[in-house]
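S.K.: Using the hints, put the two chains back together into the complex; each one sits in its own frame.
So the protein lines, in turn, are chains E and V. Numbers in the numbering used here are just positions in the first sequence, counted from 1, shifted up by 2. Numbers in the numbering used here are just positions in the second sequence, counted from 1, shifted up by 9.
No lab work stands behind these hints: they were computed from the structure. It is possible that some hints are incorrect.
[Said to hold, decoys possible] Each computed BS3-like pair below joins lysine-lysine, with the alpha-carbon atoms no more than 25 Å apart:
#, chain 1, residue 1, chain 2, residue 2
1, V, 123, V, 73
2, V, 113, V, 73
3, E, 4, V, 344
4, V, 351, E, 49
5, E, 37, V, 113
6, E, 4, E, 37
7, V, 113, V, 219
8, V, 321, V, 73
9, V, 213, V, 165
10, V, 113, V, 123
11, V, 73, V, 320
12, V, 351, E, 37
13, V, 414, V, 351
14, V, 219, V, 123
15, E, 49, E, 4
16, E, 49, E, 37
17, V, 219, E, 49
18, V, 123, E, 37
[As the list claims (entries may be wrong)] Examples of chain E residues lying across from chain V (beta carbon under 10 Å, computed):
#, residue
19, 20
20, 29
21, 56
In this text, a Cβ means the ideal position worked out from N, Cα and C, and glycines have one as well.
Here is what each chain is made of, one letter per residue.
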Amino acid sequence: MKINYNRELCQGHNRCYMLAPEIFDVDDEGYAVLKIEGEIPAELHDKAQLCVDNCPEYAIEIAE
Amino acid sequence: MDAKKAPVEDWTTDFDHTHPDYAANAHQIWDDLREECPIAHSDRFGGMWMPTRHEDIAAIAANKDGLYTSRGVVVSEVRPDIPAPIGYAPPITSDPPFHAPARKLLLGPFAPRKVQALEPFTREYCHSLVDAALETSNEQGWFDAAIGYSQNIPVKVIAQMLGLPAEDGPVFRRFIHNIIENPVQREIPEEETVEWYFDQQIAKRKANPKPPGEGDLIDHLLNVEVFGEALAPEHVRGTVVLLLVAGIDTTWSSIGSAIWHLALHPNDLARFRDDPEVRPFAVEEFLRAYAPVTMARMVAEDHELQGCPMKKDDWLLLPFPAGNRDPEAFEDADKFVIDRQKNRHGAFGLGIHRCLGSNLARMELSVALDVFVDRIRDFSLVDPANVRFSTGQIRGPRELPVSVKTNV
Numbered sequence: 003m004k005i006n007y008n009r010e011l012c013q014g015h016n017r018c019y020m021l022a023p024e025i026f027d028v029d030d031e032g033y034a035v036l037k038i039e040g041e042i043p044a045e046l047h048d049k050a051q052l053c054v055d056n057c058p059e060y061a062i063e064i065a066e
Numbered sequence: 010m011d012a013k014k015a016p017v018e019d020w021t022t023d024f025d026h027t028h029p030d031y032a033a034n035a036h037q038i039w040d041d042l043r044e045e046c047p048i049a050h051s052d053r054f055g056g057m058w059m060p061t062r063h064e065d066i067a068a069i070a071a072n073k074d075g076l077y078t079s080r081g082v083v084v085s086e087v088r089p090d091i092p093a094p095i096g097y098a099p100p101i102t103s104d105p106p107f108h109a110p111a112r113k114l115l116l117g118p119f120a121p122r123k124v125q126a127l128e129p130f131t132r133e134y135c136h137s138l139v140d141a142a143l144e145t146s147n148e149q150g151w152f153d154a155a156i157g158y159s160q161n162i163p164v165k166v167i168a169q170m171l172g173l174p175a176e177d178g179p180v181f182r183r184f185i186h187n188i189i190e191n192p193v194q195r196e197i198p199e200e201e202t203v204e205w206y207f208d209q210q211i212a213k214r215k216a217n218p219k220p221p222g223e224g225d226l227i228d229h230l231l232n233v234e235v236f237g238e239a240l241a242p243e244h245v246r247g248t249v250v251l252l253l254v255a256g257i258d259t260t261w262s263s264i265g266s267a268i269w270h271l272a273l274h275p276n277d278l279a280r281f282r283d284d285p286e287v288r289p290f291a292v293e294e295f296l297r298a299y300a301p302v303t304m305a306r307m308v309a310e311d312h313e314l315q316g317c318p319m320k321k322d323d324w325l326l327l328p329f330p331a332g333n334r335d336p337e338a339f340e341d342a343d344k345f346v347i348d349r350q351k352n353r354h355g356a357f358g359l360g361i362h363r364c365l366g367s368n369l370a371r372m373e374l375s376v377a378l379d380v381f382v383d384r385i386r387d388f389s390l391v392d393p394a395n396v397r398f399s400t401g402q403i404r405g406p407r408e409l410p411v412s413v414k415t416n417v
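Looking at chain V on its own, in the form it has when it is part of the complex (with noise of 0.2 Å):
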């Protein structure tokens, strides 16, 4: 952490999602706060607002009115000084009309049969990965399946989609870090930026272009038009480093908190272990109840929602995970039922801005769990009392100290 964050009196006007409170205690929080206070405030980050009920959340994503904007995405001091309708990281940062095209280009790669494509790719990674975190485990009695597991499965695939070294993987974690997980300003060596490390990256696929059809995303995005036009630099680089960022500490935290359930739950291990059926509905049920991801949004026109004074440029944090576990939408919406039949889960989001990787996502989740379960049959967390989750918009357990009873 890079300063030490004021105390929270009072969450209803003072939330700090950034706050290591709001980490170990979120369940906590937003329920207290749906039945207290459904629309949160907080000056903090320049004045912030945090539904908590799935109705509110749901609505807010929809923007019927047009009310809100995109252009800022992840709640920091500053706010985002590149303009709707594209904004910095297309398409997630932009709003209509330009958002429909720019995520239509992004449509074809991310669509379910392309991603099923790298599933094998995906499995034999994570075996590899358990290979490795087995002998550690034999050196040592435990391994982290945080970071010896969860953490490398996304880094590897969209390495492979993206057309960079997988070896950058430290990196893109440091790039992470400054983007999302830790967003305060701080001068950083141009060298180091995000933005420069992509520039590299584009250059070198334009000294070397590919035809329609061939290379990575990058080649693809370099070969393909918005209104008639090629994508501005600016926009390859934002879609690019979007991609990057989109699916790596949302993936992780995914799988990092399914297998911290299944080593709290050994019920819910051997259910899971043991009936390959229920395993679809388990891996929605983990995205339901573990949801990482906090998106944001901007108040785009002052305006009045149930009484609390939007004000333009406020941030809106919108609590998918809390949106989940709202009893209003669904039964029984603080336990975990591996079994669930009905579960509109908002995990990917909900709106035009559905997460553009979730069936990539979803792979990567499902196939982690497959393999881990299959091979580490059995295990338990070495202490459960002091597993930290992580702060800001994604939340997922940041070590996961395992030991295993039984494997293959």
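In isolation and in its complexed conformation, chain E is listed as follows (with noise of 0.2 Å):
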């Protein structure tokens, strides 16, 4: 599993980051930082799924 995150349809509503800290961090501005570029480890695949769930902007993906 990895994760596509769009920076350009993202506005800063931090959900990921609150959801799912191991896998987004945020920039000084508070937009989304995609921390794992590559294959999301199995016991992170849940949280994946959540951060995907809850971006009102639909700025994450899951790419199987």
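M.R.: Below you can see the structure in the form of structure tokens.
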């Protein structure tokens, strides 16, 4: 499992960062920064799905 | 209320978000409109529209074709006369291309880590409010969780950020009432206007300038530039008014609605109290189910939207709370699901105008509920049938008498 994160769509809601700080950080302006560009470890798959399901701007997708 | 509102005969053609019937029945009205007439119209306030489907609200907020302007964001009888793209209170009233640089100035101070630093201060203040509330409760058998608790928290925190005396809270609330809760034309002595108040505050800081990176948020705005130039005095004042006004009624309403819900739903209260892991989800569900803010736009050019003739300068309400309850967008949209896992709510708006203070508001809501429920472990409403919700674009309980069953 990998994550596609579209910075252009991100409006800084910070939902992903709150749900999964292991996967997303935030920059100084509050926009999300994807920490794991490659394969998401199995133990974080549920959290990755939560990030997708709670992004109001549809900026996060799972790429199998 | 300043004047009695004409009764609404038909919500599809004559809706009025400032009518007490709207405040009392908003959820039902939105659900009915979504089914019958997903973009409602009204001649009131010189002509306004209100979509209720999440998809339509999101598309208008995204404003891909520039058909809408943020020049006016609070519906009133008079169209704001300060032109786009700057508007009266940047960046909320700004359009591209001015919007992004004006917003960028403020993103830093409201980013998560900056906001996190205010948490201990907020928590300590919430405890002091509970201390006082319990004292009141011991004396009279109840206290008001809206006026005696929720209302004070955002005032205290934003006053701290802006470097304003927290004792001026009642003054701020008057400004808010005049600007958003009851936006009618009225004559106000100059010295009671929000403009006058902040001109004094700004002059005081200009007389004693701080180096960049020091001082409060007003000092910050006096030190930064947009497009290579210091901000115009009207820009500084407009932004400061925005920061004060936008964060108080909204957050107060949100905290109040959450306490109202918990008081009415003992199972949710028990779950919230006893399961720390559910709290972050519960907070987002409070935001979804009881989103306080309906934002407004104006139509920038004539066009047709799903058969509706949108005319330049028509108002357009964006009821994010209605979108949050759209069954097309949310499973069990009408139910409060305390651990909702899939929750793309738009409580803080969608698109480029996403609430700048959302991290602050969320922190205040979380801390306020933590402290309230950890201290006042079991509580109920004194008179559940008579809780009055506010009219206008900010929705929340304005009085919330609560009786304490157990506390620590």
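S.K.: Now, for every hint given, state plainly whether the structure supports it.
M.R.: Each hint, compared with the structure:
no.	hint	result
1	V:123 - V:73	violated, 31 Å
2	V:113 - V:73	holds, 20 Å
3	E:4 - V:344	violated, 33 Å
4	V:351 - E:49	holds, 12 Å
5	E:37 - V:113	holds, 23 Å
6	E:4 - E:37	holds, 11 Å
7	V:113 - V:219	holds, 21 Å
8	V:321 - V:73	holds, 17 Å
9	V:213 - V:165	holds, 21 Å
10	V:113 - V:123	holds, 15 Å
11	V:73 - V:320	holds, 18 Å
12	V:351 - E:37	holds, 22 Å
13	V:414 - V:351	violated, 34 Å
14	V:219 - V:123	holds, 19 Å
15	E:49 - E:4	holds, 12 Å
16	E:49 - E:37	holds, 13 Å
17	V:219 - E:49	violated, 44 Å
18	V:123 - E:37	holds, 20 Å
19	20	holds, 7 Å
20	29	holds, 8 Å
21	56	holds, 5 Å
Hints 1, 3, 13, 17, counting from the list given before, are not met by this structure.
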